[in-house]
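Asks: Sequence:
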Amino acid sequence: MKLIVALGNVGDKYSFTRHNMGFMVADYWAVNEGFSFREESKLKCLFTKIKFNNEDIIIIKPTTYMNLSGEAVSLVMNYYKIDVKDMLVIYDDLSIELGRLRFRASGSDGGHNGIKSVIQHAGTNKFARLKIGIGPQPPIPSESFVLQNFSKEQEPVLKDTLKTALDAVKCYLTDGLDRAQNKFN
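In this note's numbering, the protein residues as written are 1 to 185.
The hints are simulated quantities; they were obtained by calculation from the structure and are not laboratory data.
Remember, it's a predicted structure, so these values are computed and weren't measured experimentally.
From the three backbone atoms N, C-alpha and C, an ideal C-beta is built for every residue, glycine too.
A few of these clues could be false.
Stated by the list, open to error - Pair ranges (Cβ atoms, derived):
1. K13 - S142: 27 to 35 Å
2. P136 - K13: 31 to 39 Å
3. E153 - K49: 34 to 42 Å
As the list claims (entries may be wrong) - Pairs of lysine to any residue residues, derived as SDA-like cross-links and limited to a Cα-Cα distance of at most 25 Å, are as follows:
4. K81 - L68
5. K85 - A105
6. K49 - D83
7. K183 - L173
8. K152 - D12
9. K116 - K152
10. K44 - E33
11. K183 - S106
12. K44 - E143
13. K126 - S144
14. K13 - L162
15. K49 - D167
16. K13 - E39
17. K44 - V10
18. K163 - K183
19. K126 - P138
20. K126 - P141
21. K2 - E71
22. K13 - P138
23. K152 - V10
Modelling step: build the complete structure from the supplied sequences, incorporating the hints.
Replies: Shown next, in the form of structure tokens:
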């Protein structure tokens with residue numbers, strides 16, 4: 001069993017903000033493959049379980065808001081007995097240009113409060129992650145920039161990015177992290 005954690009903020013006002021890239025990838029997957037999420041309040045997330053290549057895949061979108069995402073991750077990992085080596089976290093990254101992806105096997109939080117929370121609650125920074133570029137950042141505070149919607153001009157790149165990110169996640173699930181890194185980084 002694998003756990004895919006899509007980071008974002010719940011609520012309509014955040015739906016298309018840069019900080020919701022993780023949620024957008026999960027939603028794009030759901031729309032294209034015909035599954036949906038249900039609320040699991042005891043696990044603090046929106047939840048679905050699918051089969052992919054004959055393996056159970058749990059996909060969650062924490063409902064704790066970004067800065068407390070690790071709470072949901074920890075609850076799901078403990079409830080389903082999922083090892084951190086079987087988890088992939090999908091999230092936005094300011095330091096990467098919009099349209100680019102980067103897989104990593106581990107690392108620091110890089111100033112991302114959602115990842116900081118996941119590291120804290122997972123007890124390690126050694127988990128796979130897929131960073132999706134939302135940069136470059138204009139000269140405004142990062143907290144303001146990540147909570148802005150994408151511009152009309154960025155929508156075509158955003159659509160292509162969501163498709164590529166889903167292809168990348170499927171490659172990770174099929175062929176592993178090394179192969180996904182070689183193909184998509």
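Asks: Each hint needs a verdict: does it hold in this structure or not?
Replies: Hints and how they fare:
1. K13 - S142: 27 to 35 Å: Check failed, 18 Å falls outside 27 to 35 Å.
2. P136 - K13: 31 to 39 Å: Given a distance of about 24 Å, which is not inside 31 to 39 Å, the answer is violated.
3. E153 - K49: 34 to 42 Å: holds, 37 Å
4. K81 - L68: holds, 20 Å
5. K85 - A105: holds, 9 Å
6. K49 - D83: holds, 17 Å
7. K183 - L173: holds, 13 Å
8. K152 - D12: Holds, at about 18 Å.
9. K116 - K152: violated, 31 Å
10. K44 - E33: Cα-Cα ~24 Å, so holds.
11. K183 - S106: Since the Cα atoms of K183 and S106 sit roughly 18 Å apart, the hinted pair holds (cutoff 25 Å).
12. K44 - E143: With Cα atoms ~24 Å apart, K44 and E143 stay inside 25 Å; holds.
13. K126 - S144: violated, 29 Å
14. K13 - L162: With a Cα-Cα distance of about 20 Å, the restraint between K13 and L162 holds, given a limit of 25 Å.
15. K49 - D167: holds, 18 Å
16. K13 - E39: holds, 19 Å
17. K44 - V10: holds, 11 Å
18. K163 - K183: Within the cut-off at roughly 15 Å; holds.
19. K126 - P138: Distance ~31 Å between K126 and P138 Cα, so the pair is violated.
20. K126 - P141: violated, 29 Å
21. K2 - E71: Measuring from Cα to Cα gives roughly 18 Å; hence the hint holds.
22. K13 - P138: Given that 25 Å is the threshold and the Cα spacing comes to 21 Å, the pair holds.
23. K152 - V10: Status holds; Cα separation ~22 Å.
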